[in-house]
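Enquirer: Each chain, written out:
Number of protein chains: 2
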Amino acid sequence: MIAYSQYKPLPVSQVPQWDFETDVAVIGFGATGACAAIEARTAGARVMLFERSSGSGGASALSGGEIYIGGGTDAQLAAGFEDSVEDFTAYLKLAGGPCADNAKCELYGREALSHYQWLKDQGVPYRGNYLPGKIIEPTDDSTLIWSGSEAAAPFYKLAKPAPRGHVIQHMGWGGGRPLVDILEARARDLGTEIHVDARAVALITDEDRIVGAVVRIENQNRFVRAYKGVVLATGGFVFNDAMRRKYTPESFRVNSPIGDKDDGIGIELGVSVGGDAIHMDQFFTTCPWTIPADQAHGVFVNVAGQRFINEDCYHGRVSRCAVDQLGGKVYLLLDSAHFSQPLDLAGITIAGTGETWEEVEAELEMPAGTLSATMKVYNDHAREGRDPLFDKQTPILKPLDRSPFVALELNFETSYFSFFTLGGLKTTADGEVLNRGGSAIPGLYAAGRCTSGLPAWGHGYSSGLSLADCTFFGRQAGRRAAA
Amino acid sequence: MIAYSQYKPLPVSQVPQWDFETDVAVIGFGATGACAAIEARTAGARVMLFERSSGSGGASALSGGEIYIGGGTDAQLAAGFEDSVEDFTAYLKLAGGPCADNAKCELYGREALSHYQWLKDQGVPYRGNYLPGKIIEPTDDSTLIWSGSEAAAPFYKLAKPAPRGHVIQHMGWGGGRPLVDILEARARDLGTEIHVDARAVALITDEDRIVGAVVRIENQNRFVRAYKGVVLATGGFVFNDAMRRKYTPESFRVNSPIGDKDDGIGIELGVSVGGDAIHMDQFFTTCPWTIPADQAHGVFVNVAGQRFINEDCYHGRVSRCAVDQLGGKVYLLLDSAHFSQPLDLAGITIAGTGETWEEVEAELEMPAGTLSATMKVYNDHAREGRDPLFDKQTPILKPLDRSPFVALELNFETSYFSFFTLGGLKTTADGEVLNRGGSAIPGLYAAGRCTSGLPAWGHGYSSGLSLADCTFFGRQAGRRAAA
Chain E
1 MIAYSQYKPL
11 PVSQVPQWDF
21 ETDVAVIGFG
31 ATGACAAIEA
41 RTAGARVMLF
51 ERSSGSGGAS
61 ALSGGEIYIG
71 GGTDAQLAAG
81 FEDSVEDFTA
91 YLKLAGGPCA
101 DNAKCELYGR
111 EALSHYQWLK
121 DQGVPYRGNY
131 LPGKIIEPTD
141 DSTLIWSGSE
151 AAAPFYKLAK
161 PAPRGHVIQH
171 MGWGGGRPLV
181 DILEARARDL
191 GTEIHVDARA
201 VALITDEDRI
211 VGAVVRIENQ
221 NRFVRAYKGV
231 VLATGGFVFN
241 DAMRRKYTPE
251 SFRVNSPIGD
261 KDDGIGIELG
271 VSVGGDAIHM
281 DQFFTTCPWT
291 IPADQAHGVF
301 VNVAGQRFIN
311 EDCYHGRVSR
321 CAVDQLGGKV
331 YLLLDSAHFS
341 QPLDLAGITI
351 AGTGETWEEV
361 EAELEMPAGT
371 LSATMKVYND
381 HAREGRDPLF
391 DKQTPILKPL
401 DRSPFVALEL
411 NFETSYFSFF
421 TLGGLKTTAD
431 GEVLNRGGSA
441 IPGLYAAGRC
451 TSGLPAWGHG
461 YSSGLSLADC
471 TFFGRQAGRR
481 AAA
Chain C
1 MIAYSQYKPL
11 PVSQVPQWDF
21 ETDVAVIGFG
31 ATGACAAIEA
41 RTAGARVMLF
51 ERSSGSGGAS
61 ALSGGEIYIG
71 GGTDAQLAAG
81 FEDSVEDFTA
91 YLKLAGGPCA
101 DNAKCELYGR
111 EALSHYQWLK
121 DQGVPYRGNY
131 LPGKIIEPTD
141 DSTLIWSGSE
151 AAAPFYKLAK
161 PAPRGHVIQH
171 MGWGGGRPLV
181 DILEARARDL
191 GTEIHVDARA
201 VALITDEDRI
211 VGAVVRIENQ
221 NRFVRAYKGV
231 VLATGGFVFN
241 DAMRRKYTPE
251 SFRVNSPIGD
261 KDDGIGIELG
271 VSVGGDAIHM
281 DQFFTTCPWT
291 IPADQAHGVF
301 VNVAGQRFIN
311 EDCYHGRVSR
321 CAVDQLGGKV
331 YLLLDSAHFS
341 QPLDLAGITI
351 AGTGETWEEV
361 EAELEMPAGT
371 LSATMKVYND
381 HAREGRDPLF
391 DKQTPILKPL
401 DRSPFVALEL
411 NFETSYFSFF
421 TLGGLKTTAD
431 GEVLNRGGSA
441 IPGLYAAGRC
451 TSGLPAWGHG
461 YSSGLSLADC
471 TFFGRQAGRR
481 AAA
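Taken in order, these protein sequences are the chains called E and C. Heads up, the first sequence is in the numbering used here, so the first residue is 1 and it goes up one at a time. Heads up, the second sequence is in the numbering used here, so the first residue is 1 and it goes up one at a time.
Hint data in this document are derived by calculation from the structure and do not stem from the laboratory. Misleading hints may appear alongside valid ones.
Said to hold, decoys possible - With a cut-off of at most 25 Å between alpha-carbon atoms, the simulated DSS-like pairs for lysine-lysine come out as follows:
1. Lys93(C) with Lys160(C)
2. Lys160(E) with Lys93(E)
3. Lys93(C) with Lys329(E)
4. Lys157(C) with Lys93(C)
5. Lys157(C) with Lys134(C)
6. Lys261(E) with Lys8(E)
7. Lys8(E) with Lys93(E)
8. Lys376(E) with Lys376(C)
9. Lys329(C) with Lys93(E)
10. Lys8(E) with Lys8(C)
11. Lys157(C) with Lys329(E)
12. Lys157(E) with Lys329(C)
Please take these sequences and the hints and turn them into a complete structure.
Expert: The following block contains the structure:
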């Protein structure tokens with residue numbers, strides 16, 4: 001009945017019967033959907049949640065459970081970091097680069113502290129301590145980490161740096177799963193009616209208003225009446241190759257999609273009723289090159305032997321800029337004082353070694369005077385604590401002059417470059433889906449990676465931005481839908 | 001009555017009366033619209049053309065009147081260039097990069113020779129001669145020029161090079177205006193009914209089919225019945241800042257939009273009925289740095305003193321890659337054997353000079369050993385006729401070692417970087433507008449820069465690709481609409 005491949009909305013006049021009736025229908029059960037459900041229930045609305053998988057999770061459950069929060073949290077203060085709403089908001093805008101949504105940055109900038117309290121009120125535990133260093137995810141149960149480019153150029157010059165990654169108390173990697181479990185339990189306790197193995201395939205319209213959704217359950221179309229609204233919380237489109245080819249073809253340079261059935265259906269449903277999908281070319285990618293920690297002191301060069309970034313910024317920003325380089329690979333240069341075996345997972349290999357940088361250069365078959373000149377300029381200034389080309393900062397800035405030297409290869413095809421998409425529906429800061437003319441579509445709300453939100457720009461991503469966006473703007477969408 | 005800002009289609013049941021009735025309604029009177037009208041009339045359909053300006057032209061009339069044609073034209077053969085459908089098609093695909101539409105490349109690859117004959121049959125004159133060198137547009141009335149990256153890496157290794165830019169016989173720059181004049185005259189002679197000062201604001205739908213358009217004429221909504229179809233030929237969105245912010249924010253790095261009221265209305269109308277807008281982040285840009293011709297021998301470096309491209313490729317590809325560089329500007333390095341005063345129009349200034357490259361480096365306040373090391377590597381190899389880093393080819397590859405030396409500044413804000421958008425509706429090779437599920441929207445056709453076509457990728461653009469696309473696929477759309 002519903003031509004799924006065309007995502008056409010169903011006029012309410014063609015609905016044969018209502019199989020489900022609710023106030024708010026939430027589509028998708030990652031962190032976004034759970035937070036939307038919690039807020040909509042808290043506001044007194046009846047809430048049904050439909051999830052295509054057999055349980056909660058989505059991409060959120062595959063994450064580290066880290067949420068980007070600033071403005072002066074308990075953990076920041078305990079560790080002696082000052083942070084202000086102004087600096088925090090300024091950083092959010094810088095992280096969004098040319099794609100920044102100022103209204104979302106400003107709202108979250110103002111309300112992040114109360115959002116942090118809300119997360120704790122839901123039962124999300126935080127140990128409250130600070131873990132220094134260049135950390136991807138804590139391997140213990142620590143809370144506060146530097147999770148972005150705060151202390152690196154050009155960010156530090158425009159927003160006073162502070163660590164803002166707040167990680168759920170959970171031993172080891174993978175705090176996303178317990179985070180979603182806590183939010184799921186809360187949504188259930190509040191009386192959300194949850195349907196799994198239920199895949200949304202169309203929205204239902206009554207003139208301009210969205211009044212429900214068609215959901216496939218046990219291979220049948222089931223018709224959901226949502227008196228107050230539908231919240232799309234279905235994630236990005238990293239597993240939809242056709243969409244990637246049309247909107248994000250550069251993402252085919254890398255190889256390891258992160259997500260859970262993220263096929264872009266929420267974006268398609270939103271657009272099917274006039275929604276606007278923006279910044280669809282943007283994607284996040286990273287290769288875990290800062291593990292072991294000493295390797296964070298390395299210098300990156302492209303196949304022409306040129307540096308291209310201040311390597312002290314966020315590992316994902318470095319990785320995204322690496323993928324812009326010609327040649328299909330980049331090299332991470334280290335000296336014997338900073339080399340240790342790369343993480344197995346990373347698929348990083350040794351491409352060349354030498355007693356001098358000239359020998360490394362020759363082994364990589366680069367012309368004489370390229371990589372070696374790069375390293376001479378780098379080391380000459382690093383000994384003085386300066387990086388006049390890219391403004392890399394101490395203490396990560398160190399001369400790499402203790403032989404032997406090594407060049408590690410990060411290959412876009414064979415090293416582990418995880419990635420996911422950032423483009424999606426344009427929404428207001430309270431979660432209304434906008435049409436291409438800029439007006440809200442009545443009854444339709446969205447949040448998380450089926451929207452373009454705080455993590456809008458692949459080159460500016462910082463860890464915790466996406467879960468901040470999912471949890472905070474998921475809440476706004478749920479609250480607004482229930483209003 | 002019609003909320004223009006929402007671009008909503010009008011159901012046929014709400015049309016008060018038909019003010020115009022035709023078989024094919026063409027929206028937009030640049031080269032695309034004219035060619036669509038000619039073909040639809042030739043096929044026997046009644047054709048009305050609606051243009052928002054007071055006459056024909058569009059961005060086509062602002063161009064050089066150059067059309068990219070290969071496979072062995074008379075001009076190519078007369079000048080001794082072999083070209084094959086295979087090499088031509090391969091180049092078209094390379095020029096489209098990750099955004100290439102293979103079906104369009106293959107169709108145009110096969111049919112470009114007959115398209116060239118068709119253009120002549122319409123009355124477009126070609127002198128037939130070959131003008132060697134690195135030419136932006138002939139300043140005389142010559143025909144054949146190297147208008148892309150054919151002879152440059154990596155293109156030359158994957159498709160046998162040939163010059164393929166075919167310029168209308170017209171003294172000096174600006175052949176686009178007479179080209180459109182000829183096509184307009186032909187469309188009129190064939191009986192196209194032309195309405196100017198007529199701005200399309202909505203499509204009219206009958207269930208899934210497009211059956212007409214709403215056009216504003218003298219501040220009134222006029223209702224156009226199109227029995228066979230509507231052809232969108234309205235150009236890109238370079239003059240719509242809101243669209244650029246949402247889809248192409250990187251284009252704000254440059255400053256000089258080229259177009260004629262290109263506000264994206266065709267894209268909006270197509271999307272309003274389910275059409276799919278793809279590769280919306282892509283834009284062309286160029287700064288005319290290859291004039292005077294000697295300057296084409298220059299070397300580009302970024303503010304870190306690094307080369308970033310083989311400078312012998314298309315001036316627009318060099319310019320697009322320049323705009324990717326950090327620092328808001330790049331430098332064109334020349335020696336006294338190759339410097340002359342840049343074109344006034346270009347806004348290129350002298351940033352530094354010196355008796356040695358070390359002096360230039362110092363004057364640009366670059367660290368010692370950066371630009372000078374770059375130029376040492378470059379010159380050492382250029383003297384041997386090689387460029388191991390970027391594979392720049394002789395004879396453009398020349399050592400720059402005759403002092404004094406100069407660094408010209410191409411500043412993204414103050415130099416003349418013209419640009420226009422390349423993203424648009426996804427269409428079949430015969431001009432049907434596709435919905436997001438990949439099915440044709442009955443009755444709706446489009447071509448030119450309101451679609452994503454041959455010039456799909458800003459980094460691969462070659463002069464003449466857009467007019468090739470406009471004229472050839474404009475014809476396909478007109479013919480298909482009339483069928």
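Enquirer: Run the distance test for Lys157(C) versus Lys134(C): straight-line Cα separation, threshold 25 Å.
Expert: holds, 19 Å
Enquirer: Hint check: Lys93(C) vs Lys329(E), CA-CA at most 25 Å. Holds or violated?
Expert: holds, 23 Å
Enquirer: Measure nothing beyond the straight line between the CA atoms of Lys160(E) and Lys93(E); if it is 25 Å or shorter, mark the hint as holding.
Expert: holds, 13 Å
Enquirer: Is Lys261(E) within 25 Å of Lys8(E), Cα to Cα?
Expert: Holds: Lys261(E) and Lys8(E) sit about 21 Å apart, inside 25 Å.
Enquirer: Would you check the hint for Lys157(E) and Lys329(C), treating anything up to 25 Å between C-alpha atoms as holding?
Expert: holds, 20 Å
Enquirer: Between Lys157(C) and Lys329(E), is the straight-line Cα distance small enough, at 25 Å or below?
Expert: Judged against 25 Å, a Cα distance of about 20 Å means the pair holds.
Enquirer: Can the restraint linking Lys376(E) and Lys376(C) be considered satisfied, given a maximum Cα separation of 25 Å?
Expert: The hint holds at about 15 Å.
Enquirer: Run the distance test for Lys93(C) versus Lys160(C): straight-line Cα separation, threshold 25 Å.
Expert: holds, 13 Å
Enquirer: Is the hinted pair Lys157(C) and Lys93(C) satisfied, with a Cα-Cα distance of at most 25 Å?
Expert: Distance of about 14 Å is within 25 Å: holds.
Enquirer: Run the distance test for Lys8(E) versus Lys93(E): straight-line Cα separation, threshold 25 Å.
Expert: Roughly 35 Å between the alpha carbons, so the hint for Lys8(E) and Lys93(E) is violated.
Enquirer: Going straight from one Cα to the other, do Lys8(E) and Lys8(C) come out at no more than 25 Å?
Expert: Answer holds: Lys8(E) to Lys8(C) is near 15 Å, not above 25 Å.
Enquirer: Given the hint that Lys329(C) pairs with Lys93(E), test it: the Cα-Cα distance must not exceed 25 Å.
Expert: holds, 23 Å
Checked against the numbered hints given earlier, this structure breaks only hint 7.
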